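There are 2 protein chains.
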Amino acid sequence: MTYTDKLTKAVRSSGSLLCVGLDPDPARIPAPMRQIYSDEAELVFEFCRRIVEATKPHACAFKPNMAFFEAMGSRGWETLERVIDIIPSNRVVIADAKRGDIGNTAAKYSEAMFGHLGADAVTLNPLMGLDTLEPFIKDDSKGVYTLVMTSNSGAADFLKRRFEGRSSLSEYIAEELSKLQHRSAASLGMVVGATQTRDLSLVLDANPNAHLLIPGVGSQGGDITELTAVLENYGGIPVINSSRSILYAGGDSEEWMSASAARALDLKVELQPIMKGYAEEAS
Amino acid sequence: MTYTDKLTKAVRSSGSLLCVGLDPDPARIPAPMRQIYSDEAELVFEFCRRIVEATKPHACAFKPNMAFFEAMGSRGWETLERVIDIIPSNRVVIADAKRGDIGNTAAKYSEAMFGHLGADAVTLNPLMGLDTLEPFIKDDSKGVYTLVMTSNSGAADFLKRRFEGRSSLSEYIAEELSKLQHRSAASLGMVVGATQTRDLSLVLDANPNAHLLIPGVGSQGGDITELTAVLENYGGIPVINSSRSILYAGGDSEEWMSASAARALDLKVELQPIMKGYAEEAS
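Those sequence lines, one after another, are chains Z and G. Counting along the first sequence from 1, when you hit position 178 you're at 178 in my numbering, and nothing is skipped either side. If you want my numbering, it's the 1-based position in the second sequence plus 283.
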């Protein structure tokens, strides 16, 4: 099955474009969990397990953020392996790794993310050049999402500046990815921030059929109504990520799982206007 | 002790600017080792242990390449933890991670690399903006090496193109790092490829006092004589990395450790012209 097929099925079976970001910060995990599990790795695993359980009816994808697991070293990686194992096979797993390196190093990262962890897709950083993406796009059952436009203030340092006559380096990267897509069977998606809709339009015009991973909805403040307008008539599948707004929706309440589930459901409903044809075509 | 102090002492006590890159590829580990250790993680650990043992008289630094450990998942991370533990404390450990992410994610990567792994320095990717470096430069006992100019062919895609009136995006990044260094107590180094000396000169002019991590000597073909000329009168400490040319110097010979030691010694000697004042000032 190609990555696009798997993603399409996940969107249809969940009826949702929501991606739940797994950024488990032990200090913010609800107190009722912290009281049960004193071991940090076990706490993180059990928290993620419950988040997956609570939100899977409302999400097409889960995006583990590697940094939050690596902060616990090898035990964190072991925890991540266990978390990925319990994500249902009809949902997509996107390893948020933002790796970017050359030749044999990139091949080893590909082996780590796709081979060892078994992720369906990975986020990548293109700064060192398009050849750094090659080892990740040999297999059309796997997807990549390349950093194109981010929503942090630092995006102004490089990504938003004019480049090669284009409005921004982001727009130029999107064009280059579009060209590379013509030579590749694999799915070459883009990571694009949701907070600046005018910039987003320019980037989408440069590469109008790529799948999108859109962070910045929820805690980071992206506006779903504006996003809906920008994505109208867009060709790829846009997956919209929210992490903290779902994970920590219930604070330290005993009912934190219900709060996370309710927040995920709210987002799923808010995202319905973007769904367009995906849900209607569901079998 | 600041990172600069630790690096200076490591250079003086080893009399060397050589960094040994630890990119342990199980398929290329010498046959005599593969015959002893059937478990891949154990094989990698024992190989790295012997490489550190054989080359430490000739190197100021060791640079584990995260990808080669991550390809083995949590066991790879565990192996990396063990490898870092046996690197002598009077040598510098540079985690070659090339991470780059925002706010709380960057903070978690910093916790992973400096806190958990105990690396002295880390390589970073600046594409998402200078704010992504902040969590790594709060502590002057730790160093960072930011990707500025790489030696792969893909460097032509973005890094080598004109940017903001400068000769290249690389030059612009170097300038921005120089400005950031004025506001930071931590050591803000640069990763610069050794293969294009003219481009290297422009980048160094833009940021003439940063420490350097220079890959591309050995297997990747950087010329040490040209490099010596470019680095003359340069203010920072240039650490020159070689990985495969040292690790696999002996092929499958029983004498592979001696071959790796000899290759490291050769490189140490070849790099002496660059040493300038460092060795003479050694106590």
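Please keep in mind that the hints were generated in silico from the structure rather than gathered at the bench. From a predicted model like this one, the values you see are computed outputs, not experimental measurements. Treat each hint with caution, since some may be false.
[Stated by the list, open to error] Simulated crosslink set (DSS-like; lysine-lysine; CA at most 27 Å straight-line): (1) G:K462 with Z:K160; (2) Z:K160 with G:K443; (3) Z:K276 with Z:K9.
Pair hint outcome, Z:K276 versus Z:K9 [Cα-Cα no greater than 27 Å]: With Cα atoms ~15 Å apart, Z:K276 and Z:K9 stay inside 27 Å; holds.
Mind checking the alpha carbons of G:K462 and Z:K160 for me, to see if they're no more than 27 Å apart? Status holds; Cα separation ~19 Å.
So if I understand the rule, the pair passes when the alpha-carbon distance is 27 Å or less; does Z:K160 with G:K443 pass? With a Cα-Cα distance of about 18 Å, the restraint between Z:K160 and G:K443 holds, given a limit of 27 Å.
When held up to the earlier numbered hints, the structure conflicts with none and fits them all.
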